[in-house]
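Asks: Sequence:
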Amino acid sequence: MQEIIIGGQTIHKNSQIKIDIPLPNLYNMPSFLSVWAIRGKQDGPVVFVSAAVHGDELNGIEIIRRLKKAKVLKKLNGTLILVPIVNVYGLANLSRYLPDRRDLNRSFPGNTKGSLASRIASVFFNEIVKKCDLGIDLHTASIHKTNLPQIRTDINNEFTLNLAKAFRAPVVLHSELRDGSLRGCAKESGIPILLYEAGEALRFSEKSIKIGSRGILNILKELNMLPKKDSKKRGKAPIITKSSQWIRSSQSGILRTIKALGQTVQKGDIIAYIDEPLTDKSQAIEASFDGIIIGKSQIPLVYEGDAIFHIARFKDLEHAEERMEYFHEKSLNLDATDEIKEDSIR
Numbered sequence: 337m338q339e340i341i342i343g344g345q346t347i348h349k350n351s352q353i354k355i356d357i358p359l360p361n362l363y364n365m366p367s368f369l370s371v372w373a374i375r376g377k378q379d380g381p382v383v384f385v386s387a388a389v390h391g392d393e394l395n396g397i398e399i400i401r402r403l404k405k406a407k408v409l410k411k412l413n414g415t416l417i418l419v420p421i422v423n424v425y426g427l428a429n430l431s432r433y434l435p436d437r438r439d440l441n442r443s444f445p446g447n448t449k450g451s452l453a454s455r456i457a458s459v460f461f462n463e464i465v466k467k468c469d470l471g472i473d474l475h476t477a478s479i480h481k482t483n484l485p486q487i488r489t490d491i492n493n494e495f496t497l498n499l500a501k502a503f504r505a506p507v508v509l510h511s512e513l514r515d516g517s518l519r520g521c522a523k524e525s526g527i528p529i530l531l532y533e534a535g536e537a538l539r540f541s542e543k544s545i546k547i548g549s550r551g552i553l554n555i556l557k558e559l560n561m562l563p564k565k566d567s568k569k570r571g572k573a574p575i576i577t578k579s580s581q582w583i584r585s586s587q588s589g590i591l592r593t594i595k596a597l598g599q600t601v602q603k604g605d606i607i608a609y610i611d612e613p614l615t616d617k618s619q620a621i622e623a624s625f626d627g628i629i630i631g632k633s634q635i636p637l638v639y640e641g642d643a644i645f646h647i648a649r650f651k652d653l654e655h656a657e658e659r660m661e662y663f664h665e666k667s668l669n670l671d672a673t674d675e676i677k678e679d680s681i682r
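Mapping to the numbering used here: the sequence shown position 102 is 438, numbers consecutive.
Source of the hints: derived by calculation from the structure; they are not laboratory data. No residue lacks a Cβ here, since even glycine has one placed at the ideal position from N, Cα and C. There may be inaccurate statements among the hints.
Claimed, not checked - For each label pair, taking beta carbons as the anchor points, the in silico distance ranges come out as:
hint : residue 1 : residue 2 : range
1    : E542      : Q581      : 26 to 34 Å
2    : F368      : G604      : 48 to 56 Å
3    : K349      : W582      : 43 to 51 Å
4    : P358      : W582      : 34 to 42 Å
5    : I479      : K617      : 26 to 34 Å
6    : G604      : F540      : 31 to 39 Å
7    : K572      : F368      : 35 to 43 Å
8    : R514      : I479      : 14 to 22 Å
9    : N462      : D439      : 15 to 23 Å
10   : R442      : H348      : 45 to 53 Å
11   : G641      : I576      : 26 to 34 Å
Could you put together the complete structure from these sequences and hints?
Replies: Structure follows, in structure tokens:
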């Protein structure tokens, strides 16, 4: 029998337990990495779902709360490890970063004798990540920006690409690895991770939460950790794109956006205007290539060079428009995935 030990506790079959793994104290107050471990009756993959690696990214916390309450998990094969708040210090301060101003997602795999960020990274990586076969890491855009729900992964890897498709977010974006990132270090250890990006920091987005909750269940079904239902209910495949680019402000001023998340744009389309607040002058901002808007600034005050629109390159705009119309219509439909009902995720 596969033995799974987290925080010194053995996760037995057909059990659900909460584990508090000690972290460095917050001054004189004890701090813990709190984990829910759910193990089914049968052996199977071990999958972790993590949120709030950046402390101001809250959607994932709510996704995990709803996921834990899903009744279908009673049919789970394998083990699901839920870590709703990785960066407990950042969350307490409503901050993306740790108190030492380091980015936890640039601190992996960590070091038990390193900085605060490095020590937390070491605990999470060694106690959770290295004991799993797959991870799903939940994020939002950074402060004052918002993201269309999307999966970021290595689309050249057939396994992760198939899982990304199964998630059923509107967009799958190829993403290169970054030094010190959770995904990069996990890959070096042979553990693939899917990154779910949706919504904005310090805000809940109901659409992002619902797509994320159902997407994780879709992944578990794809891995045969949950029973599969009628495939006709799974919806349309996502838009898959290999590259993206931020469009930056050409001058400082007041930003008036013309295009919204999920809209397609053609090269030369006006997507925003930047106005000078004390004159009548205005500068049009144009799309520099064909694609779909997957991220945008939420604040109307911009400096020259600020990132204002994130566009994923995509040539078949008719296909993209069809897919986005479907997702706009269906993403809030609670019946689209009958395993999660309203009374089981609230």
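Asks: Now tell me if each hint is right for this structure.
Replies: Each hint, compared with the structure:
| no. | hint | in the structure |
| --- | --- | --- |
| 1 | E542 with Q581: 26 to 34 Å | holds, 29 Å |
| 2 | F368 with G604: 48 to 56 Å | holds, 53 Å |
| 3 | K349 with W582: 43 to 51 Å | holds, 47 Å |
| 4 | P358 with W582: 34 to 42 Å | holds, 40 Å |
| 5 | I479 with K617: 26 to 34 Å | holds, 29 Å |
| 6 | G604 with F540: 31 to 39 Å | holds, 36 Å |
| 7 | K572 with F368: 35 to 43 Å | holds, 42 Å |
| 8 | R514 with I479: 14 to 22 Å | holds, 19 Å |
| 9 | N462 with D439: 15 to 23 Å | holds, 19 Å |
| 10 | R442 with H348: 45 to 53 Å | violated, 36 Å |
| 11 | G641 with I576: 26 to 34 Å | holds, 30 Å |
Hint 10 alone, counting from the list given before, is not met by this structure.
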